[in-house]
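Chemist: Sequence:
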Amino acid sequence: MKSTVNNRSVLRLAIPNIFANITVPLVGLVDLAVAGHIGDTAMIGGIAIATMLFDLLYWNLGFLRVGTSGMVAQAYGSGDFRTATRVLVQGLFTALVISLIIWAIQWIYVEGAFALVESSPEVEQLARDYFFIRIWAAPATLGNFAFKGFFIGMQNAVRPMAVDITINGVNIATCVWFSLYGTMGIKGIALSTLIAQYSGLLLALFFTARHYRSLFADFRIREALQLKAFRRFFAVNGNLFLRSICFLLIYAGFTSISTGYGEIPLAIGTIMMKIMMLYSYFADGFAYAGEALSGRFIGARESDNLRKAVRLVFLWGLYVSLLSTLLYVAGGGAMLRFLTSQQEVIEAASNYLPWLWIMPALSCAAFTWDGIYIGATATASIRNSMLWAVAAFFLTYYSLKPICGLDALFAAYMAHLFARGLYLTISAKREIWSVIQTKTSL
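In my numbering, the protein residues as written are 159 to 600.
In short, the hints are calculated from the structure, not lab data. Beta carbons are placed, not taken as given, at the ideal position from N, Cα and C, and that holds for glycine. Errors might be hidden in some of the hints.
[What the hints assert, rightly or not] Straight-line Cα separation of at most 25 angstroms, BS3-like style, residue types lysine-lysine; simulated pairs: (1) K559 to K432; (2) K345 to K432; (3) K466 to K587.
[What the hints assert, rightly or not] FRET-style restraints, in silico, Cβ to Cβ: (4) K587 to A519: 20 to 30 angstroms; (5) N165 to I516: 26 to 36 angstroms; (6) F388 to T341: 41 to 51 angstroms; (7) P279 to W591: 52 to 62 angstroms; (8) A492 to W546: 28 to 38 angstroms; (9) W515 to L553: 17 to 27 angstroms; (10) E276 to V255: 26 to 36 angstroms.
Using the sequences and the accompanying hints, generate a full structural model.
Modeler: Right under this line is the structure:
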């Protein structure tokens, strides 16, 4: 009997992810707020640079979640749970190996980064203090990527929500305790992240042991880790890795360019990016629903349900876009005041609030299509969309820089969002609507 898809199906997957995602920016906002209230612009800059260093590491490895969810969702749709468990084990093994490599090269990585990134000595030292504590959370951070992808692919959004809320709740509580009411400063902010990531990993392991133990009854780990078994895993994730590099070129470029304007513009860029990311976390809730549902119906070869799922996910994405625009218009100034008590930063950042008002409309298609393409494991088109996005970002910035100053940076960010959405929309007929007929079996 065919499954059905309706608004309830979408919301059952999207709402838990939205609740979880709300806590994700709250962690960054609280870290930034704590730094803004216990320090000065140098501490805000230290958080920005250190966060960028981890983005360079972890965003490139986002395929551990993204690729896992798409492949597991298709396996779920076809009833092939052996493949679903194999993908999870491959993701966890890859996370462990990469973590060991990260630990081995951490000093080289930091020295190389600061040879390229301009900052004051005080900002650099604060960033180093943060980095060399948080780096020891690498296995937990990357392992949580794989577990989250597995849970979403298995059509369960509650378990990753519980893991994310645990991680972010522990992070917020310990950050405030160590740094705002304690004396650890930026080191306390980093330590709180380390403790939180391992708390989340323990909960993910508990959920897997309790709810999916039967799927591993006849599982052979040696088979899963053979090179032949890794072929599709690497084929899908290779394009996603390149996609992540493109993301980092844009986001690291945004922070690096902000740094070149001075400490106050760096603080403005950091704060504005945190506020802009609020929308993306809401939109990603429905993108995750798109991942799970499109992968499931492709695996089950149900074209009618695939079309209906895509239509419903887009409709809800539009609602989120309109609501976010209203919230930015009404509350943008209050968000600035929450993030910093530095009056000069608040006054300067207020001039850039109009960029917040147009961002949701320009990015709605990009976020929504991303989830649907991930479920379809159409990773080549995802990669290509980001190559166009990188070109749009840098061409726009350097074209407008002589006449617009810092506004050129925000215009470039908007251009990359529009380019992504346009490319994926144009490619949808080939990559999504005809995928049932052309998709090979797992």
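Chemist: None of the hints should be skipped; say for each whether it holds.
Modeler: Now for the hints, and whether the structure bears them out:
1. K559 to K432: 22 angstroms, holds
2. K345 to K432: Within the cut-off at roughly 21 angstroms; holds.
3. K466 to K587: 15 angstroms, holds
4. K587 to A519: 20 to 30 angstroms: This hint holds: roughly 23 angstroms between Cβ atoms.
5. N165 to I516: 26 to 36 angstroms: Since the Cβ atoms of N165 and I516 sit about 28 angstroms apart, the hinted range of 26 to 36 angstroms holds.
6. F388 to T341: 41 to 51 angstroms: The hint (41 to 51 angstroms, Cβ to Cβ) holds, given that F388 and T341 are roughly 48 angstroms apart.
7. P279 to W591: 52 to 62 angstroms: 55 angstroms, holds
8. A492 to W546: 28 to 38 angstroms: 35 angstroms, holds
9. W515 to L553: 17 to 27 angstroms: At roughly 24 angstroms between Cβ atoms, L553 and W515 fall inside 17 to 27 angstroms, so the hint holds.
10. E276 to V255: 26 to 36 angstroms: Check passed, 33 angstroms falls within 26 to 36 angstroms.
When held up to the earlier numbered hints, the structure conflicts with none and fits them all.
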